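*Asks:* This is what each chain is made of:
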Amino acid sequence: MNAPFTGKHGESAFARLCDELRPDLFRFAFWLARDRQVAEDVVQESLLRAWRSRESLTEIGAAKPWLLTIVRREHARLYERKRFETVPVDDLVGSESPELAAAEDQQVLDLRRAIIELEDDYREPLVLQVLMGLSTDEIATQLGLTQAAVLTRLFRARQKLRKRLVVGANDEGD
Amino acid sequence: MDCLEFRRLAGADPQHPDAAVLEHAAGCPRCAGYLRRTLELDRRILAALSVPVSPQDAGRVAAPAAPIPGLDRRRWYALAASIVAGVLVGSLLWLGGPRNSLAQDVLAHMDHEPEAFVVTAVPADPAVLGRVLERGGIRLRPEVGTVSYANSCRFRGRTVPHLVVQTDGGPVTVMVLRNERPDTAVAFAEHGFSGTIVPAGPGSIAVVGAADADLARITERVLAAVDWSQE
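In order, the protein sequences belong to chains A and B.
Under this note's numbering, think of the first position of the first sequence as 114, with each following residue one higher.
Under this note's numbering, think of the first position of the second sequence as 215, with each following residue one higher.
Mixed in with the good hints, there may be bad ones.
What the hints assert, rightly or not - DEER-style ranges, computed between Cβ atoms: (1) R372/B to Q219/A: 20 to 28 angstroms; (2) T373/B to V279/A: 50 to 58 angstroms; (3) D339/B to V279/A: 25 to 33 angstroms.
Claimed, not checked - Computed from the model, here is a short list of chain A residues facing chain B with C-beta under 8 angstroms: (4) R225; (5) L239; (6) T259.
Claimed, not checked - Beyond 10 angstroms from chain B on every Cβ pair, some chain A residues (computed): (7) E168; (8) E172; (9) G174; (10) A189.
If you are wondering where the hints come from, they were derived from the structure by calculation, not from laboratory data.
Predicted model, so just to flag it, every value in this text is computed and none were measured.
Even for Gly, the Cβ is constructed at its ideal location relative to N, Cα and C.
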C-alpha cells in the first residue's frame with residue numbers, strides 16, 4: 114500500500130496508531146525535555162503536525178520512527194521559540210517533576226536522577242534504544258550519526274550510569 | 215573477538231548480541247557475567263525510563279477533521295482529549311482496584327530481586343532450595359525444570375517461596391502464595407512482563423515471565439510440579 118493513511122479509513126487507522134503510540138511518544142518527549150508540561154505540549158503539537166502530514170507516510174512500519182522524528186523536531190522548535198531558563202537538576206528531580214520524586218523505589222529514583230544528569234548526547238540514544246526499542250541503525254538515522262558513533266554513545270551512557278550507581282551505593286554505605 | 219571488543223559491543227547493545235558476541239560469552243565466564251549484568255542494568259534503566267503516563271497523556275487521539283467555529287485546532291484537540299481522558303479515567307477506576315493489587319505487589323516485589331532476570335544454566339544451591347521449600351510448606355517435583363534462584367521472601371507480611379525457573383522463553387519468576395487466594399485466575403501484563411496468578415492448593419501461585427513467554431504452558435508445568443502436601 115502506498116498511502117495507508119488516506120481517506121476516511123486511513124484517518125481512523127492513523128488515529129488508532131497515534132492512540133497506541135502516544136504513551137511512548139510522551140515518555141520520549143519527557144526524556145528530551147525532562148519536564149512533564151513541556152512534554153505534553155510537544156506531543157500535542159507533534160500529533161497535530163503528524164495528522165496534517167499523515168498522507169506522506171507510506172509505510173505503517175515506518176510510523177514510529179517518523180513520529181519520533183516529529184517529536185524531536187517539535188521539541189527543538191519549542192526550545193528555539195522559548196528560551197527556557199536553565200533549571201538545576203536537583204530542582205528538576207525534586208519539585209519541577211513530582212513524578213520523578215515519586216518513583217516506586219529508591220533504586221528507580223536513583224537511576225532516574227542519573228539518567229536526567231546524563232548529557233543529551235548520551236541520554237537520547239539510550240532512550241531511543243531501551244525505551245523506544247529502536248535498533249542502533251535506526252538510532253543512527255534518527256540522530257544523523259554513524260552506527261559506530263551510536264554504539265560508542267550507548268556504551269558510554271551505560272558506563273556513566275554504572276559508575277554513578279556504584280558511587281551512589283558507596284555514598285549510602287558511608 | 216577479545217574481551218575488550220566483547221564489552222564494547224555488549225555494553226552498547228546487550229539486547230541484540232550477534233553470533234560472535236554469543237560465541238565469546240560461551241567461552242568466557244567473566245564476559246558472560248558482564249553481559250548478564252548489562253542486561254540487568256538495562257532492565258533497571260527501562261523501569262526508570264518508564265515514567266508514569268497520566269490518563270490524559272495516554273488519551274485517545276481524536277481526528278481534528280472539522281474545525282469547530284470559535285476554537286482553533288489545538289483547543290479542539292485538547293477538548294477532545296479531555297473528554298476522552300474523562301472516559302478513560304472512569305474505565306481505569308473500574309479496571310483497577312483490588313483485582314490488580316496482588317499482581318502489582320508481585321511485580322513490585324520482583325523489582326527488588328534482580329536475580330529474577332538472569333538467564334543461567336546454573337541451578338540454585340540444593341540446600342538453599344530445600345530450606346526455601348520447607349519454609350514454604352511445599353515440595354517441588356523435578357519436572358519443573360532448572361530452579362536457578364530460591365529465596366524466602368517477605369511478601370504482604372508473610373514469608374513466601376520466591377523461585378526462578380529457567381525456561382526456553384527465559385527466566386520465569388514463581389511465587390508460592392499460600393495466604394493469597396484470588397477467586398479466579400488473574401492475568402496481567404506490565405513493564406514488558408506478563409504474568410498470571412492462579413488459585414492453587416490453599417492459596418495461589420504467581421508466575422511472571424517476559425511478555426512473549428509461553429506463560430500458559432509454563433504455568434501448567436509449575437502447577438503440576440508444586441506439591442502442597444507437606445502442610
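*Asks:* Would you mind marking each hint as holding or not holding in the structure?
*Replies:* Against the structure, the hints come out as follows:
no.	hint	result
1	R372/B to Q219/A: 20 to 28 angstroms	holds, 23 angstroms
2	T373/B to V279/A: 50 to 58 angstroms	violated, 31 angstroms
3	D339/B to V279/A: 25 to 33 angstroms	holds, 27 angstroms
4	R225	holds, 5 angstroms
5	L239	holds, 7 angstroms
6	T259	violated, 13 angstroms
7	E168	holds, 13 angstroms
8	E172	holds, 19 angstroms
9	G174	holds, 18 angstroms
10	A189	holds, 19 angstroms
Hint violations for this structure: numbers 2 and 6, all remaining hints satisfied.
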